[in-house]
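Let the hints inform the model, and build the full structure from the sequences given.
As you go down the protein sequences, you meet chains A and F in turn.
The first sequence maps to residues 1 to 319 in the UniProt record's numbering.
The second sequence maps to residues 1 to 270 in the UniProt record's numbering.
Because the hints were derived from the structure by calculation, they are not lab data.
Some chain F residues judged to face chain A by a derived CB distance under 7 angstroms, without partners named:
| id | residue |
| --- | --- |
| 1 | A103 |
| 2 | R106 |
| 3 | R107 |
| 4 | M111 |
| 5 | R115 |
| 6 | H121 |
| 7 | G131 |
| 8 | V135 |
Restraint ranges, calculated between C-beta atoms of paired labels, are given here:
| id | chain 1 | residue 1 | chain 2 | residue 2 | range |
| --- | --- | --- | --- | --- | --- |
| 9 | A | V132 | F | T139 | 53 to 63 angstroms |
| 10 | A | V113 | F | D92 | 31 to 41 angstroms |
| 11 | F | A75 | A | E192 | 18 to 28 angstroms |
| 12 | A | V113 | F | R230 | 50 to 60 angstroms |
| 13 | A | T146 | F | D92 | 56 to 66 angstroms |
| 14 | A | V117 | F | E101 | 21 to 31 angstroms |
| 15 | A | W303 | F | Q166 | 21 to 31 angstroms |
C-beta: ideal position from N, C-alpha, C; glycine also.
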Amino acid sequence: MSGTSAGRAPKGAAGPSAGDPAVATSPYEAIRAIPVRHYGRWVAAVVVVALLGWLAYGFSQGKILWSTVGGKLFDHTVLTGVWHTVLISVCAMAMGLVLGVLFAVMRLSKNPVTGGVSWLYIWFFRGTPVYVQLLMWFNLSLIFHTINLGPIYKNDTVAVMTPFVAALLGLGLNEGAYMAEIVRAGIQSVDEGQTEASHALGMTSARTMRRIVLPQAMRVIIPPTGNEFINMLKTSSLVSVVQYSELLRATSDIGVSSNAIMEMYFVASIWYLVLTSVFSVGQFYLERRYARGSLRSLPLTPWQKVRANLTTLRRPKVA
Amino acid sequence: MSTPTSTAEPQPGAGAGVEPMVRAENVHKSFGAAHILKGIDLEVAPREVCCLIGPSGSGKSTFLRCINHLEQINAGRLWVDGDLVGYRQRGDRLYELRDREVAAKRRDIGMVFQRFNLFPHMTAIENVMEGPVQVKRETKAVARERAAALLERVGLADKAASYPSQLSGGQQQRVAIARALAMEPKLMLFDEPTSALDPELVGDVLDVMRGLAEDGMTMIVVTHEMGFAREVGDALVFMDDGVVVESGRPREVLSNPRHERTQSFLSKVL
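Now the structure itself:
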């Protein structure tokens, strides 16, 4: 190929390099055109900014003790509430993940009993409100005065069912039902050819699940799981009903005693936004890690995006 | 070598006294009501390259998948290297093998798929190392060294760190062959290895397979590449509608098919 074109290449043509006659491109001129003006975009931007300004003005006229918001943001009780919210969310989510994998595998197994039990679990815990479930755990002592696990453990239900335990069981068992469906969808999304290839190498079914199927299922499982966790951070505000002093309960208690109810809800909202933002960033990097191999190039990190956008902001100069 | 008789009888292997690598006796397979294999008899001798041809839906791939027990046969017997596939026989009773035992038997049988089925979350070299490290318990250092040598053998030494999505179809299939060879199999099964490839990429894959055949690997190849079957194959088996219609030496079957169904199939593909 290169031999024939070398023979036909005109001598002294304006190629990229005179020393390499095999690559000869004809000279070209880049297109320079006036870009289309999007006037509609300018109008829309002005309207939106005006509405935002109006909203800001409205808030500036409200009777809001901004100094209380700032002063109580790092209050000791509030920070304890934040810590409790993170603690119960992480623990309940961990419990949900473990239960989710367990019940997903049970549901997919060939054993009809485990499949049926898994279905029943998901049916009950997904079909009743988590608020009701929390109240039921908290009030378990009304029907069982003692918890008796034979020779292993025995105690009064009231002593066992602390606010934390009731909150953990209520949130965790509920989450497990949702996670089971997410994990099942992830496992089923992996191509059957992967299992066959792994079996053909001589791997057992258990090793195939661990080495080949689950790592690929993770890519499908992580985005909805991140969603679930962010939901969990917010749903955990419900556990104030079982007397667990998480963020909402801590802030609203202060609000009542210091007569700054709305201000303390602002404080709570700020902290919820901080928590969800932090965990969203974590989710992004986790997704990026498990995207290895499935995308030709990994998605840009936010910092890389900012840099890319900065370079496209400059309009091309038109002569 | 197979005798030049063109019959549906089992072919004698290379030399009468040699134990065949694969022996099938009256193998039947159904999927629900669909009767796919209707009594397959076949023998493949060690070091033999046996090509299976036939129209789609004739049961070639299904038969291939039965040989390493990816599909369970419904009737008949199937032996690989003298061992019954999928079962253990005690007296006249058959016992199904456990998952672990089936997996152990599959170590010695390499398989290459039409759709490659590389593990997308691993690089090329990790794909090749996976079997030796996970199944044979080799150390990573040893497995990596051997995997690098295998990738070089299939002409992809420079692609070791690439993920399958970054490779062309032909490159992926060659990694898949290296992955199967890493288990040092005594039998290789190829399920239409070039059917999903662009025409210009087929040659590289066939070259690797030709090299394997020259090194004396026992191979069963389901293929539509008649040129490969003619040049590399020791035996050619024509299947249609779940039975072996005709078999013999590739040149004779291809140039002088005796059966009418073979003639009509070959007239369409040649």
